[in-house]
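Participant: Residue 119 in the numbering used here sits at position 104 of the sequence shown; the count goes up by one each step and never skips.
Please keep in mind that the hints were generated in silico from the structure rather than gathered at the bench. Just so you know, not all the hints are guaranteed correct.
[What the hints assert, rightly or not] The calculated EDC-like cross-link candidates involving lysine to aspartate or glutamate, where the alpha carbons are at most 20 Å apart (straight line), are:
id : residue 1 : residue 2
1  : 125       : 141
2  : 151       : 103
3  : 123       : 113
[Unchecked claim] Pairwise CB distance ranges (calculated):
id : residue 1 : residue 2 : range
4  : 166       : 129       : 17 to 27 Å
5  : 186       : 215       : 11 to 21 Å
6  : 101       : 128       : 15 to 25 Å
7  : 195       : 130       : 45 to 55 Å
8  : 117       : 180       : 32 to 42 Å
9  : 85        : 189       : 26 to 36 Å
10 : 221       : 189       : 39 to 49 Å
11 : 82        : 198       : 44 to 54 Å
12 : 186       : 166       : 29 to 39 Å
13 : 123       : 103       : 11 to 21 Å
14 : 81        : 126       : 14 to 24 Å
15 : 91        : 126       : 15 to 25 Å
16 : 177       : 91        : 35 to 45 Å
This structure is a prediction, so every number in the text was calculated from the model and none was measured. In this text, a Cβ means the ideal position worked out from N, Cα and C, and glycines have one as well.
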Amino acid sequence: MTLSHSMMSCHFSTALITSLQLCVFNILINTQLVVSTSSPAHKELVRFDYFLQPYHKRYLGILNVHLLEAGTSTLKVSWQLLNMTSADSLIESTAICETKYGSIVSDKLKSGTSQFQFHHLNSNTDYVVCVYVLEKSASTNISLLHYSCQSFKTIPLVRLDSVVAVVISVGYIMAMILLGLIGWWKNSYKVRQRKKKDEALLSSNRGHLNENSKRQECGKVSHSFGIGEVVHEYKTSTSCIPMSCVKPEVAAFQYNAQDREITF
16 MTLSHSMMSC
26 HFSTALITSL
36 QLCVFNILIN
46 TQLVVSTSSP
56 AHKELVRFDY
66 FLQPYHKRYL
76 GILNVHLLEA
86 GTSTLKVSWQ
96 LLNMTSADSL
106 IESTAICETK
116 YGSIVSDKLK
126 SGTSQFQFHH
136 LNSNTDYVVC
146 VYVLEKSAST
156 NISLLHYSCQ
166 SFKTIPLVRL
176 DSVVAVVISV
186 GYIMAMILLG
196 LIGWWKNSYK
206 VRQRKKKDEA
216 LLSSNRGHLN
226 ENSKRQECGK
236 VSHSFGIGEV
246 VHEYKTSTSC
256 IPMSCVKPEV
266 AAFQYNAQDR
276 EITF
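Produce the complete structure using the sequences and hints provided.
Facilitator: This is the structure we're talking about:
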């Protein structure tokens, strides 16, 4: 009886220890699974229902996601797998962009493709982009899922630096136009002043020439008498006024056309 009781106690203790070990193992496995499937920043956005193919484990932290280019309606991302578990692994990648109206899911991208661009996004909006890389080993037939999520933002339609650039460009163009107008006005003013001086000088020269010619006409009288020409010159003062020069000597001559004689 004592031996039988001892054996029963021993079996009970062994079963209890085994049960405790199984419980601890299950707790550790579940904890590891929760940690591996949770992202600190985007835990609620990580989704795995896009993969219909089976996989054995999930890994977080080996895949890096970067932003290559951001536009007003586009986001271009790239990713890199830091470490591959097997040299003969085949890679299939899928990129997902979470939006308010659903998710934008890319096609299955083969090995060698490590970037994808999302279109038809809203400007100046934050988006969460998740990348899933399925690594399948041909030798071990084990599939591992690597994933990572990052938040990226599209640029606004009108940015501050764009406004500053436009203002600087317009200001530069206006300054060049203003400088050109100032230079044209200066040159035009110089031309007008030079033209006025030339006209004044020409008018002055014409006045002197007219005055000299009129003085010469006042000092010389020409008479034509049919047979010949008799020229009488008279000395006049410089105060002779045009159109008022008196020629009294002309009245003293009398010309008789019939007798062709000249009497005094």
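Participant: Could you run down the list of hints and mark each one as holding or not?
Facilitator: Here is what the structure says about each hint:
Taking the CA atoms of residue 125 and residue 141, the gap is about 28 Å. The hint is violated against a cut of 20 Å. A distance of roughly 8 Å separates the Cα atoms of residue 151 and residue 103; the hinted pair therefore holds under the 20 Å criterion. Pair hint residue 123 plus residue 113 holds up; C-alpha atoms about 17 Å apart against a cutoff of 20 Å. Between residue 166 and residue 129 the beta carbon distance is about 20 Å. The supplied range of 17 to 27 Å therefore holds.
Distance hint check: the CB atoms of residue 186 and residue 215 are about 43 Å apart, inconsistent with the given range 11 to 21 Å. Restraint check, residue 101 to residue 128: a C-beta distance of roughly 19 Å satisfies the suggested window 15 to 25 Å. Evaluation of the 45 to 55 Å hint for residue 195 and residue 130 yields a pass: the beta carbon distance comes to about 49 Å. Range check, residue 117 to residue 180: Cβ separation about 36 Å, and the 32 to 42 Å hint holds.
At about 32 Å, the CB distance of residue 85 to residue 189 agrees with the hint of 26 to 36 Å. Distance hint for residue 221 and residue 189: a CB-CB separation of about 47 Å, consistent with the stated range 39 to 49 Å. Taking 44 to 54 Å as the suggested C-beta distance range, the pair residue 82 and residue 198 conforms, at roughly 49 Å. Between residue 186 and residue 166 the C-beta distance comes to about 37 Å, which sits within the given range of 29 to 39 Å.
Checked against the hint of 11 to 21 Å, the pair residue 123 and residue 103 passes, with Cβ atoms roughly 19 Å apart. Between residue 81 and residue 126 the Cβ separation comes to about 19 Å, which falls inside the hinted range of 14 to 24 Å. At roughly 20 Å, the beta-carbon separation of residue 91 and residue 126 lies within the given 15 to 25 Å, and the hint holds. One distance hint, 35 to 45 Å for the beta-carbon pair residue 177 and residue 91, is violated here, with the actual separation near 20 Å.
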